[in-house]
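Could you build the full structure based on these sequences and the hints that come with them?
Chain order of the listed sequences is A and B.
For the first sequence, our numbering begins at 84 and goes up steadily by one.
For the second sequence, our numbering begins at 84 and goes up steadily by one.
Wrong hints could be hidden among the right ones.
[To be verified] Cross-link-like lysine-lysine pairs, in silico, DSS-like; alpha carbons within 30 Å at most:
| no. | chain 1 | residue 1 | chain 2 | residue 2 |
| --- | --- | --- | --- | --- |
| 1 | B | K158 | B | K168 |
| 2 | A | K491 | A | K168 |
| 3 | A | K158 | A | K392 |
| 4 | B | K522 | B | K392 |
| 5 | A | K392 | A | K248 |
| 6 | B | K158 | B | K323 |
| 7 | B | K248 | A | K522 |
| 8 | A | K248 | B | K522 |
| 9 | B | K491 | B | K168 |
| 10 | B | K417 | B | K248 |
| 11 | B | K158 | A | K323 |
| 12 | B | K158 | A | K158 |
[Said to hold, decoys possible] Partial selection, computed: residues in chain A whose CB lies under 7 Å from chain B:
| no. | residue |
| --- | --- |
| 13 | T138 |
| 14 | R286 |
| 15 | T515 |
These aren't lab readings, by the way, just hints derived from the structure by calculation.
These numbers were taken from a predicted model, which means no experiment stands behind them.
Even glycine gets a Cβ: it sits at the ideal position worked out from N, Cα and C.
Number of protein chains: 2
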Amino acid sequence: MRHAVSLLALSLLAAPALAADATGLDANDIAAAETLREQALAGSPAWDIVESLTTEVGPRMAGTPADARAVAWAKAKFEALGFDKVYLEPVTFPVWLRHRERAEILAPFPQPLVVTALGGSVGTGEGAIEAEVVAFPDLAALSAAPEGSLRGKIAFISNRMVRFKDGRGYGPAVGARSNGAVEAAKKGAVAVVIRSIGTSSHRFAHTGTMRYVPDVPRIPAAALSNPDADLLVHMLGRGKPVTLRLDIAAETVGEYTSHNVIGEITGRELPGEVVTIGGHLDSWDLGTGALDDGAGVGITMAAGALVGKLGQAPRRTVRVIAYANEEQGLYGGKAYAEARAAAGEIDAHQLGAESDFGAGRVYALRAGVDPAAWPVLEKIGEVLAPLGVATEREGGSPGPDVGPIVAKGAPWAQLAQDGTDYFDYHHTPDDTLDKIDPKALDQQVAAYAVLAYLAAETEVDFGRAPAKAAE
Amino acid sequence: MRHAVSLLALSLLAAPALAADATGLDANDIAAAETLREQALAGSPAWDIVESLTTEVGPRMAGTPADARAVAWAKAKFEALGFDKVYLEPVTFPVWLRHRERAEILAPFPQPLVVTALGGSVGTGEGAIEAEVVAFPDLAALSAAPEGSLRGKIAFISNRMVRFKDGRGYGPAVGARSNGAVEAAKKGAVAVVIRSIGTSSHRFAHTGTMRYVPDVPRIPAAALSNPDADLLVHMLGRGKPVTLRLDIAAETVGEYTSHNVIGEITGRELPGEVVTIGGHLDSWDLGTGALDDGAGVGITMAAGALVGKLGQAPRRTVRVIAYANEEQGLYGGKAYAEARAAAGEIDAHQLGAESDFGAGRVYALRAGVDPAAWPVLEKIGEVLAPLGVATEREGGSPGPDVGPIVAKGAPWAQLAQDGTDYFDYHHTPDDTLDKIDPKALDQQVAAYAVLAYLAAETEVDFGRAPAKAAE
Numbered sequence: 084m085r086h087a088v089s090l091l092a093l094s095l096l097a098a099p100a101l102a103a104d105a106t107g108l109d110a111n112d113i114a115a116a117e118t119l120r121e122q123a124l125a126g127s128p129a130w131d132i133v134e135s136l137t138t139e140v141g142p143r144m145a146g147t148p149a150d151a152r153a154v155a156w157a158k159a160k161f162e163a164l165g166f167d168k169v170y171l172e173p174v175t176f177p178v179w180l181r182h183r184e185r186a187e188i189l190a191p192f193p194q195p196l197v198v199t200a201l202g203g204s205v206g207t208g209e210g211a212i213e214a215e216v217v218a219f220p221d222l223a224a225l226s227a228a229p230e231g232s233l234r235g236k237i238a239f240i241s242n243r244m245v246r247f248k249d250g251r252g253y254g255p256a257v258g259a260r261s262n263g264a265v266e267a268a269k270k271g272a273v274a275v276v277i278r279s280i281g282t283s284s285h286r287f288a289h290t291g292t293m294r295y296v297p298d299v300p301r302i303p304a305a306a307l308s309n310p311d312a313d314l315l316v317h318m319l320g321r322g323k324p325v326t327l328r329l330d331i332a333a334e335t336v337g338e339y340t341s342h343n344v345i346g347e348i349t350g351r352e353l354p355g356e357v358v359t360i361g362g363h364l365d366s367w368d369l370g371t372g373a374l375d376d377g378a379g380v381g382i383t384m385a386a387g388a389l390v391g392k393l394g395q396a397p398r399r400t401v402r403v404i405a406y407a408n409e410e411q412g413l414y415g416g417k418a419y420a421e422a423r424a425a426a427g428e429i430d431a432h433q434l435g436a437e438s439d440f441g442a443g444r445v446y447a448l449r450a451g452v453d454p455a456a457w458p459v460l461e462k463i464g465e466v467l468a469p470l471g472v473a474t475e476r477e478g479g480s481p482g483p484d485v486g487p488i489v490a491k492g493a494p495w496a497q498l499a500q501d502g503t504d505y506f507d508y509h510h511t512p513d514d515t516l517d518k519i520d521p522k523a524l525d526q527q528v529a530a531y532a533v534l535a536y537l538a539a540e541t542e543v544d545f546g547r548a549p550a551k552a553a554e
Numbered sequence: 084m085r086h087a088v089s090l091l092a093l094s095l096l097a098a099p100a101l102a103a104d105a106t107g108l109d110a111n112d113i114a115a116a117e118t119l120r121e122q123a124l125a126g127s128p129a130w131d132i133v134e135s136l137t138t139e140v141g142p143r144m145a146g147t148p149a150d151a152r153a154v155a156w157a158k159a160k161f162e163a164l165g166f167d168k169v170y171l172e173p174v175t176f177p178v179w180l181r182h183r184e185r186a187e188i189l190a191p192f193p194q195p196l197v198v199t200a201l202g203g204s205v206g207t208g209e210g211a212i213e214a215e216v217v218a219f220p221d222l223a224a225l226s227a228a229p230e231g232s233l234r235g236k237i238a239f240i241s242n243r244m245v246r247f248k249d250g251r252g253y254g255p256a257v258g259a260r261s262n263g264a265v266e267a268a269k270k271g272a273v274a275v276v277i278r279s280i281g282t283s284s285h286r287f288a289h290t291g292t293m294r295y296v297p298d299v300p301r302i303p304a305a306a307l308s309n310p311d312a313d314l315l316v317h318m319l320g321r322g323k324p325v326t327l328r329l330d331i332a333a334e335t336v337g338e339y340t341s342h343n344v345i346g347e348i349t350g351r352e353l354p355g356e357v358v359t360i361g362g363h364l365d366s367w368d369l370g371t372g373a374l375d376d377g378a379g380v381g382i383t384m385a386a387g388a389l390v391g392k393l394g395q396a397p398r399r400t401v402r403v404i405a406y407a408n409e410e411q412g413l414y415g416g417k418a419y420a421e422a423r424a425a426a427g428e429i430d431a432h433q434l435g436a437e438s439d440f441g442a443g444r445v446y447a448l449r450a451g452v453d454p455a456a457w458p459v460l461e462k463i464g465e466v467l468a469p470l471g472v473a474t475e476r477e478g479g480s481p482g483p484d485v486g487p488i489v490a491k492g493a494p495w496a497q498l499a500q501d502g503t504d505y506f507d508y509h510h511t512p513d514d515t516l517d518k519i520d521p522k523a524l525d526q527q528v529a530a531y532a533v534l535a536y537l538a539a540e541t542e543v544d545f546g547r548a549p550a551k552a553a554e
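Take a look at the structure:
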């Protein structure tokens with residue numbers, strides 16, 4: 084690293100100072116960004132960061148003892164990486180705990196099933212639930228069932244998430260997870276089981292949040308692995324009643340205050356203006372949270388650290404945020420946005436991006452900014468192009484934890500990742516370190532370092548609330 | 084199927100009857116075998132048989148209630164497939180039961196681990212075992228440790244099985260599973276954990292048998308998934324003592340008598356001479372035993388059924404055997420061989436083959452027969468060649484349940500399967516129906532039908548004990 088920095092220093096001296104154009108960036112800035120890119124590709128600390136998080140903390144579900152260990156880990160890691168300023172901000176949320184989960188077919192062909200409770204689910208009580216299964220091809224079909232038609236039954240939603248590079252199969256499928264319990268309970272069901280919202284054919288059940296609404300009974304909700312959902316479909320195909328035993332112990336117990344953990348590279352000219360990158364620090368309890376979202380934390384910590392090791396800091400501050408409790412309701416992102424709004428700091432946010440889609444390579448840059456700032460994005464895109472990243476003016480969306488501050492008017496960028504395999508591992512025990520290709524991780528660090536550095540180096544304004552109101 | 088059989092009948096009428104050569108097979112025989120091959124490729128009942136077994140029985144560990152259900156299922160399936168003669172033969176063995184298995188790192192970084200008890204292991208007792216982990220790169224290193232050096236410790240064997248098409252990575256690795264407990268106990272260890280004997284990077288622990296010996300303490304033995312073994316290696320790499328908590332409840336309880344289930348296509352001229360094909364009916368308890376060995380049962384039942392639907396039966400009897408309890412010590416194969424020896428029927432065995440290597444395509448025919456019978460094998464190989472099957476005069480080995488009768492002098496054949504992925508699923512919860520490609524299964528049915536039919540149609544003798552003694 085020392086050698087590369089020296090090369091950069093040389094290039095800063097050697098390059099003629101060109102006048103900045105509508106991008107607010109000159110040749111020195113581009114040279115510095117290119118150096119960051121090449122440094123990251125040559126080997127970034129991202130994989131080591133994820134290795135550290137998954138080994139020394141592991142699963143870190145919000146509100147558990149591992150949550151506090153993760154916060155301490157993140158603070159220490161920011162400090163070790165040389166960030167100028169490291170601090171915590173409180174995030175409060177209800178605590179959900181998973182104690183036990185089992186399912187088995189009792190009749191006509193007894194078999195155990197691989198199941199997991201959905202986040203937020205109530206338990207089945209002391210005696211478990213034994214009831215006949217009624218299958219629906221999707222949530223809409225369940226919602227269309229007559230009132231009372233599922234009294235005493237377990238509803239089963241069997242539709243399968245479709246695999247896409249951009250993960251767009253998730254949206255149409257995830258309603259079964261979010262709303263299945265409410266829709267089933269409205270019809271009188273005593274529980275709901277869904278085919279996992281995931282693309283894997285391995286025998287892992289995918290957890291994830293579900294919700295209840297007032298005035299509808301709270302019934303247990305669980306997901307079967309894809310092979311187990313297949314098995315249940317095959318068994319139901321025999322035309323005989325299928326009886327399932329569901330035994331879930333889970334509870335929501337009080338509140339917990341965790342923290343967003345923040346590391347900054349202080350801007351040299353405009354320290355009050357910030358560019359944020361980050362990932363979420365919490366994970367589900369089943370895996371070690373390597374992909375979701377150790378990768379995002381590692382990528383953005385590494386990218387920020389590379390920027391911090393430049394000869395001089397960029398004009399604006401680069402803020403790396405390890406968000407608390409994304410999984411159970413974007414609590415970290417919401418708390419961050421609310422704290423900024425309360426402090427009158429929304430306008431200080433020049434651009435926000437989050438890495439929360441695993442460890443697949445970045446293939447596109449998209450953004451939600453003032454059109455006057457597009458030349459900057461185009462220029463950033465030129466530096467990203469050798470990474471295989473296309474600049475796309477349409478589409479995209481902010482990362483989940485960036486959404487809340489975007490809703491308050493802040494501009495955003497997205498470095499879209501190849502998510503072809505992401506939903507094979509998402510929210511399962513199989514989300515572990517070995518699924519990460521260190522070279523792919525370095526490509527992402529390169530992209531985030533370039534984006535963060537150039538967005539912080541330019542003086543061009545990325546747009547404020549009025550420009551964003553139409554979104 | 085009816086249409087194809089009619090075509091076969093036509094071909095039998097139309098083909099000129101050629102004199103049989105050293106192969107004992109004429110053009111009509113070859114035409115019939117080719118028809119069987121094409122019928123199987125056009126769609127065999129094998130996948131439906133595996134679907135039925137995995138759906139209607141599922142996991143069927145020897146000695147559990149599901150064992151009896153599997154035997155009843157197999158008898159009914161043979162009958163439904165039109166076998167001439169269906170019968171059971173008793174197989175007695177000790178019963179091992181798995182009740183509970185959990186592992187977690189207690190220090191320095193608390194994390195749960197995915198673990199499974201090895202078949203035959205004792206439990207850890209009421210209070211579980213909490214002890215420091217001492218790692219060894221392989222079984223030899225453990226065996227070389229000084230006496231008493233592991234007193235009060237848990238030994239961990241970290242070597243990783245290597246992936247090969249022919250599965251030859253299994254042999255060098257599996258000693259850690261078979262003998263790890265004995266070697267660890269000799270050094271004073273209180274338990275042994277191994278990296279799973281498997282090639283998957285998914286978070287499944289692979290079970291499988293282990294053994295104890297007299298005069299060495301019986302200590303619990305368990306396997307970690309590959310990602311969990313990686314995690315433990317990473318954690319040990321920190322240089323701090325690692326404490327593991329292992330909680331296994333398992334026991335060996337008395338004896339059980341299950342059955343080999345046998346279906347026959349009675350030979351038209353030499354019914355007392357038999358060609359056997361088969362798979363094993365039992366599975367481990369973790370998966371549904373689709374690949375291990377539902378596939379072998381389905382392939383060979385389907386192949387036998389196709390032979391049975393020919394216009395006339397082959398000269399010799401084709402016997403399809405669904406062996407009991409292969410997994411815990413080849414009990415079915417041993418009982419079969421002993422019963423034949425007791426009845427003086429070893430010499431009646433003209434060729435034995437077993438499908439027990441998953442559902443990958445067959446790529447080679449190998450055999451252990453009298454050299455005088457090689458022209459028959461070569462001729463069979465010609466009919467198999469369009470399936471992508473090469474005839475190999477060297478190498479190979481009989482299937483596990485055929486081994487005991489081969490040891491008593493019977494000749495054998497092997498239809499070697501592509502096992503590249505087999506050890507990803509072997510002995511894990513992930514051994515489920517969706518891992519089977521129905522078209523690949525049909526290719527294997529084609530190969531087994533051709534082999535069984537032609538070996539039963541020829542009058543050439545495949546060799547007896549004297550010819551086999553050198554093996």
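Tell me, which hint numbers fail for this structure?
5, 6 and 12
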